[in-house]
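Colleague: Throw the hints in and build the complete structure from the sequences for me.
Chains as they are written, first to last, in my numbering: chain U, 1 to 718; chain F, 1 to 327; chain Y, 1 to 303.
I should point out that these hints are in silico values taken from the structure, not numbers from a laboratory. Take these hints with a grain of salt, some might be off.
To be verified - Below, a sample of chain F positions facing chain U; criterion: calculated Cβ distance under 8 Å:
(1) A229
(2) R236
(3) T247
Each residue gets a CB set at the ideal place from its N, CA and C atoms; glycine is no exception.
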Amino acid sequence: MRECDERQAGTGARPGTNGRADLADPVLEVTDLDVTFGSGPDAVRAVRGVSYAVRPGEVLGIVGESGSGKSVTSLAVMGLLPPHAHVTGSVRLRGQEILGATEKTLTAFRGKTISMVFQDPLSALTPVYRVGDQIAEAVRIHQKVTGQQAARRAVELLDLVGIPNAAQRAKAFPHEFSGGMRQRAVIAMAIANDPDVILCDEPTTALDVTIQAQVLEVLKRAQRETGAAIVLITHDLGVVAGSVDRVLVMYAGRPVEVGSVDDVYYRVRMPYTMGLLASVPRLDRGGGQPLVPIEGNPPSPSALPPGCPFEPRCPIAVPACAEAEPALEPVGSPGHLAACVRAGEIEAEGWSPAQVYHAGTGGPDEQGPETPPVHLRPVRLPRDERDVVLEVKDLTKHHPLMKGALFRRRVGTVHAVDGISFDIRRMETLGLVGESGCGKTTTLMEILQLTRPQHGTIAVLGHDTARLTARERMAIRRDMQVVFQDPLASLDPRMTVYDIIAEPLRTHGIRDPGPRIRELIRLVGLDAAHAARYPQDFSGGQRQRIGIARALALEPRLLVLDEPVSALDVSIQAGVINLLEDLKNRLGLSYLFVAHDLAVVRHIADRVAVMYLGKIAEIGQVGQVYDAPMHPYTQALLSAIPLPDPGKERSRRRILLEGDLPSPASPPSGCRFRTRCPKFKTLDETDQARCVDEEPQVRRLGEDHGVSCHFAEKLDVV
Amino acid sequence: MAGFLLRRLLNYLVLIVVATSLAYMLAAGALDPRSNYEGRNPPIPQAVIDARLTELNLNDRTPLFDRYLTWAGGVVHGDFGKTVAGGSVGEDLGRRAGVTLRLITIGLILGSVTGVFVGAYAAVKQYGVFDRLSTGASFVVLAVPTVVLANILIIAGVWFNGLVGAQVFLVSGEATPGLQGGFATQAADRLQHLILPTLSLSLGLIAVYSRYQRNMMLDVLGADFIRTAMAKGLRRRTALTRHALRTALIPAVTYFAFTFGSLLVGTTFTEKIFGWHGMGEQLVNSISTNDVNTVAAISCFAAFAVLAASLASDVLHAVLDPRVRVG
Amino acid sequence: MTISDEELAEQRAGIDRIKAPSRLRVVAGRFSRSVQGRIGFALLALMFLLAFAGPYLGRWTYTDKDFMAFLQPPSAEHWWGTLQTGADVYAVTLRGMQKSLIVGLLAAVIGTTLAAVVGAFAGYFMGWADRSLTWITDLMLVLPAFLILAIMSPLFAEGQWPLFVLVLALFLWMVTSKIVRSMTISLKEREFIQAARFMGVSPVRIIFRHVIPNMSSLLAVDATLNVSAAILTETSLSYFGFGIQPPDVSLGSLIADGAKTAVYAPWTFWFCAGLLIVTVLAVNLVGDSLRDAFDPTAKRAGQ
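Modeller: This is the structure in structure tokens:
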């Protein structure tokens, strides 16, 4: 969307900061919006006093963690909240009040003047109708056209949002579309009637990064076509940095900081926003420094503290903070507002986030791990001299592709993992990264099964899994433990924390596990009194700590981590990452860290393997792979990740991949990446033929850097 | 795909064969056709009874397995043996199947269609008057077994007839025997006979389907795609009928296979109580008259019907839901 | 880091104390807040009280025949009137209710247990275990239950009603078992089950410790609804003379007799039919409220 702004900027000043756009009347003006669910003492005040205005062509970002009320705000604006939600305030669309308007008025506006893109493209389309028909329906609600005209328009729209073969794809059903394509279809629907405002509620959260980059590009194009104002709701500070003009940060249902994107990122005046910025792992910065987590958890919207809702977590809180909730007041440059009693002080002293949060590390909070203030990397032997903990050679996993529920039959073979090799040494973390469908989870499951793989070998702690006796397998299970992605799903909801952590101990015949459990609970930074509670009584970060405690119960040597922090909010995520790093160093563990978030991997891993369609594209030391990626896929992947830094985002060149991941049931011949490879297009015919015919193997190109590309060359993309 | 269909049909065939054989063995072992001839006055000589029973392949002095083989040999050629009265089981049941199918078809269509609409409307108006009334009514109906419901309907029908002083509801049989008159008279008479048995059969179905459809509809009402449809500018009502109801219909179709078995049982009771000469009535009678061959044949028919219903519901499911169609 | 054994024992006792009620209490709280659940529970309690304490209040037992009063309307002597045989309607109806309630409860518990075990094993192990268990389930679904039970009815005479309960339960588990199976298949992919697997916990233990307890809400609801299904089946069978055999009585056989005289002697029909309806209604209300109490997100979003 920035591109578009720049185009407009050509005719005047940048919108949203000063100049022309400020003079235009806002298309959408929200004033003092309050949303309450339920009534009486149980009432949940989800949104409290949100006000904002967007002008034509402007992009407003609303940032907040889960439960901050950002999505409820947009549903309230659309009038789509369930009847038991009590909404007050004012929502004016082109000057007309629409809050409490009749259904007739609302339906005339919805989809025509204001439209919405939802988070989950999987469920946003009606499963039983063709995609084209659903878009045509949107056209026909507001325009007097024949069915044929509407269908033609639907195809045009699909084409506009970049769906190849639009005429044919319009006849497909939603389940035949990939996530990215579905989101494009939803965007097509949203722009079908040239709206003035488009509300985008986490439009790319459910998508992979390369697809996210595509969809953000489509949104820019959509805005260009319609000239609409966009309200972009997201939790991702990187997406905001690169796409919006102004930012509104929400916490506990309230805006706590508003301002131009540069003001908020570079002249941040509210400690919560500072915490958010400090806790994000950065793709452009190496590890070594621990992240700065915000201690504690967001307050429950049904039990807000009397003063500033951030006061209990704030490192620079003063007694006045607990007395009354501070109002959103101007600070510094025009249009920059912050809700903090010390905002003026911060402004005057020019405190940076690091300063503010450093001031707060007086002593470990009860939630925090016992992290030493200075992060020590232990002295390790050179890599070659350390034991191999896990060795995977030429691992292959194919499974049949079944189709049809009525007549289930095999229609092909999914090449989920197709010959990958790597090893992990003692006290080392290997990050296994890739987008969904690349085979990283399959690889992990194959390793955890401890059985003979279809092809290749897996050796855990020196034991080949193909030749294990039951007793040996049990012994290895002790030494290799797993932490899963979803902390709630990985804990049996019917067991207490005590029983959960006791289970591995009991299974391996350890009687009287009490003292060990107590020790473990403290080790992961929880309170021993928590042992009697159930997982649902904890917050996401605490649950993940319980999961880690269970995994550590048997003093394993290798920990397999399947997206251990991707379900957590950034401020919580930082604490868990720090804990994992600390534990590794203290207990001498090795990690296989599977993730899709490359920034997290950069922070925690020593080595990284990038997977694409069941193959390793690039593998090597983190610094080498991130700073000088050589495989075109790694380059594209890294360039697709938005940085939480508006200045850098503006100057970055993004390598956009075309299309979706090919089906793993019919991977392309030769190099699997060639169908989307930007490099492939620049090659001459003989070189292209090589990519088509010859499958590249991982070649060693540096000291610890392997790339499977015939034409690998370095490129700085971060 | 043809191979898959074939395997599935083969599995069905095996199920029918095993179920029918089991039913035959049980019936032949537990029922006692000999008792039909004993205790008569004047007493029938043992030899005559034996001869008669052997002729019908019902003689308990022949080993069970031999009787089974004889019976099975006949079945393979399409002959289900003879009834205790000596008639052909196949012909007898063929005549009765029509009666049963008529009753089931009408009851099923009326019950499921009404139920689906009642349930869907109740879900849309959740906690409204209609929702509460229909929920209450279906709870009561579900608590009334068919045998009681049928009797209550008869009592109510008789009471109503007495009240208006005319035979509005006829409670016995499918038609008045020997009724003179043109097509209109015949049709009216059949309708008078039809109303109460159909109600007895479909009230339960309406209750079951309305409860089920209400839950399915409530699930769908919270779905994201309904929100999308309304964000497009569709009115709530249009979004509900066009997007929600259409999607919520899919599980109701699958549910059909589960309810079919109980529908058969309900038909049995209804026929017996209202004096319709269908297969259900024959089922109750055949056990009382120790009619092993009829019992086995009806089991075979029931197994076939249940499997056909499950196949039909799968096919309907595929028709309604693009996600399960063979892509 | 270490703590004394006493402290530990104390702590664990504390854990045990807190553990049991926590979830149950939540469910019970939600249940008792629902009007429907309270009505159902009260009705059911009343029915039990009537069936098991009621006979002690009456003057007649269910085997007594009053040869001075055939088919008499309710009076001080016979509170609910008499049958054609001279039997006291109050006494025989309560006797029938006892039978129905016991048969219903037992059959439901057995049927649901069977469903849980069969479904969980089929879903967890898949492969040939699944194929054979599913095949048996399908076979049981295809067999006409009513017919089999009716054929076997002579076996249930002379106090052999426990056998009747068992056979009845054998026809009650199939649909639930299919649901349990598909839930197990999805539960198996849940991370806490995988975590247990990768920890080395044995499959059978996983089934009994993780899979079945995590379906307890479904099973509790299903068991409740199976009670009403069992009562209805028993009634229908007895109605045609195939269930509980004379001299014992059941609501079904009473309803069958009463239906013949209902038009001119309504007390012979309405007392037993009414009590049956109220009982089944109460069970269904309890089951439905239990479902809501276990899964508050499913429906009551608005409250």
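Colleague: With reference to the structure, classify each hint as holding or not holding.
Modeller: Against the structure, the hints:
no. : hint : result
1   : A229 : 7 Å, holds
2   : R236 : 7 Å, holds
3   : T247 : 6 Å, holds
Checked against the numbered hints given earlier, this structure breaks none of them.
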